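K.L.:
The primary structure of each chain is shown beneath.
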Amino acid sequence: MKLLFLMSIFYSSMLFAQDYSKIRITSNYALWTRPYFTYDYTSGSLPKDTEAEILNYEKKSQGYGVEVRITTDPNKGKTGWIYYHTEPDRRKFEFVDDQGKNYSNISGKTSEFMNHFKTQEDNLSLRKKKIAFLKPNNDDITDIDKVLENIKNGVYLIDTNKDDGGPFIPVIRTVQNSDGTKSLETFFIPRSYSKLIEFAEKINQSLYLDFNQICKLGEQGSSETNQDPKSNSRFTEGCEILEKEASKWDDNKLKVCLDNLRTKVGGKSKPLNRKSIFQKMFALEPEEQEFIGSVLTLYGESRSSSDEESLIVLQTFQNRKNDARKTCKNANLLDVTLQAWQFSMWNNSDPNWKKAISLKEEEKSPPIEISEGYQLKRMAKLYKKFKSNDFHVAPSDVKKIESISHYRTRAMDNRPSSVPSWGTARDSTATIRVNKMNIGSLNKNSQVDHYFFEDVAWKFKYHSYRPKKSGEGRCY
Amino acid sequence: MLLKYTTITLSFLLSLSLYAATWNIVKKDKSYSLESAKESFELVHNGEPKIVKIEEKDGLKIIDYYSGDYGTSQKVSITRRIVITDKMQKVADDILFTKVGKEKIDSKWDFDLKNKTIKVYDPDLDITKTYPY
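Chains as they are written, first to last, in the working numbering: chain A, 2 to 477; chain B, 111 to 243.
By construction, these hints were calculated from the structure, which means they are not laboratory data. As the structure is a computational prediction, the values presented were derived from the model and not from experiment. Mixed in with the good hints there might be a few duds.
To be verified - If you want the ones that stay clear, here's a sample from chain B, every Cβ over 10 Å from chain A, calculated: (1) ASN134; (2) ALA147; (3) GLU152; (4) VAL154; (5) GLY169.
Claimed, not checked - DSSO-like cross-link-like pairs, simulated, lysine-lysine; straight-line CA separation at most 27 Å: (6) LYS218(B) <-> LYS276(A); (7) LYS138(B) <-> LYS462(A); (8) LYS160(B) <-> LYS148(B); (9) LYS386(A) <-> LYS330(A); (10) LYS460(A) <-> LYS224(B); (11) LYS460(A) <-> LYS214(B); (12) LYS209(B) <-> LYS197(B); (13) LYS330(A) <-> LYS218(B); (14) LYS355(A) <-> LYS148(B); (15) LYS224(B) <-> LYS462(A); (16) LYS218(B) <-> LYS437(A); (17) LYS226(B) <-> LYS361(A); (18) LYS355(A) <-> LYS226(B); (19) LYS388(A) <-> LYS148(B).
Cβ atoms here follow ideal geometry from the backbone N, Cα and C, with glycine treated the same way.
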């Protein structure tokens with residue numbers, strides 16, 4: 002009986018031992034921006050003894066990528082990826098559990114190693130579902146609805162400066178210390194887009210009510226101020242920011258705008274109606290059309306590509322718009338991205354347009370990096386980056402990128418008959434250096450997904466669903 | 111007799127070559143046009159277009175042309191049709207058929223000779239366009 006008891010203790014301690022929440026760097030190491038561990042993606046160095054919390058795992062061919070948020074100086078708050086190798090000699094960090102116990106003796110046998118990390122992935126997934134894990138002893142912050150209510154009432158504050166768009170949102174609150182003094186504390190809530198949209202709607206509603214109450218109370222209130230504030234804007238709710246200069250766009254507001262636009266064009270309808278969605282997109286405000294057209298097309302075409310490559314995909318949209326405007330003066334980014342058959346993701350039989358538009362798909366996914374919500378936010382941020390010209394192209398490549406009219410996936414090479422006549426690899430642009438990374442055909446690395454082509458002859462036409470405008474008959 | 115048949119044959123061949131030479135695709139800068147001695151019509155294309163077939167019907171010139179390969183991850187080959195009246199007016203330029211992989215999607219073309227209209231139904235877009243002539 003005693004033996005059984007001891008065994009159960011031992012067994013449960015083994016289970017517990019497998020649940021790591023942190024890492025500690027054991028010899029100087031690098032941090033990567035993405036789970037591609039090449040020089041191009043390094044974003045800095047991590048000195049020995051740096052500690053970080055674990056955000057995610059990704060299986061790699063010879064180990065596991067671990068996404069972390071640094072919790073110690075000098076890189077505190079920074080997020081990125083590090084690599085844990087199957088070969089023990091090549092490991093640069095150890096795992097640490099909640100009690101501070103470290104683990105560096107994980108088996109180097111591939112099958113045991115992979116099983117071990119599969120368990121870690123499962124544990125992390127469970128942890129993400131339990132907000133209680135983040136602050137187990139405080140009822141106020143164990144319920145996401147309560148937290149959002151407190152944010153709405155101004156008791157807590159979302160820390161937008163520290164928000165990196167990852168799976169958790171940093172929230173600040175005031176806490177009373179044991180000595181009676183007060184201090185600020187940051188805690189994290191899971192990034193649930195469905196909750197946030199619901200929350201944004203509540204805030205808008207409360208602002209609307211406050212505004213109306215103020216107007217009613219005001220003795221000198223003019224008829225103008227009594228108007229529905231929503232009617233003052235030509236934009237879809239949340240999209241007013243698009244009127245500002247791109248560099249001033251707030252990333253979170255941009256995502257709220259995108260979700261409201263997706264809802265407006267039918268992203269919640271079931272089944273999704275492609276014709277109706279296209280028609281509704283063409284009915285949006287011009288800035289909204291460009292935003293939704295670019296971001297959703299980028300998502301469908303390039304979400305698994307690097308930021309650098311995605312920026313050149315965006316450049317291709319822009320070049321097409323410039324070309325189109327030579328004959329059709331009102332053509333915009335939505336017109337060129339939706340032009341029939343040009344960008345494959347919008348083809349009727351392609352699943353990507355549904356993924357891009359459907360909010361239901363997004364809600365089904367967990368708030369992690371592979372989810373629709375996370376990737377759409379990333380695409381929206383890239384659109385902002387592109388619009389505010391926040392990327393660097395090698396001076397000798399500037400003219401080249403402005404001439405790119407076409408691209409296609411490298412995967413088409415697997416079946417030569419599926420390569421378009423204008424798209425043989427040898428005719429593609431060899432060097433396109435964006436932020437020091439070459440995404441041209443000279444880079445044979447599998448991390449580059451597309452070939453880009455300059456000056457392919459093509460003809461723009463408006464989509465048949467776009468309402469006709471006078472003076473542009475030849476463009477339909 | 112031999113001379114007569116030779117003359118007829120030569121005339122026939124000459125008329126055929128003249129007919130074939132009536133329409134050509136000409137590249138200008140980055141665009142392609144369908145050109146005759148009298149008129150020029152810009153073509154919808156992606157890459158280099160090619161004439162596939164020319165026929166006449168009720169005084170209309172019907173020219174089918176390969177518009178090009180489209181797509182970024184799936185190749186789609188499109189053949190379009192342009193219709194020109196005897197007064198050299200372009201009345202229609204629309205998809206004839208689309209090949210997506212092995213699947214062929216035919217647009218439905220109806221020539222209403224009585225009411226002088228052409229209706230084109232595009233099954234991909236579920237839309238019918240009517241072109242009067």
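K.L.:
Which numbered hints turn out to be false for this structure?
P.N.:
3, 4, 10, 12, 13, 14, 15, 16, 17, 18, 19
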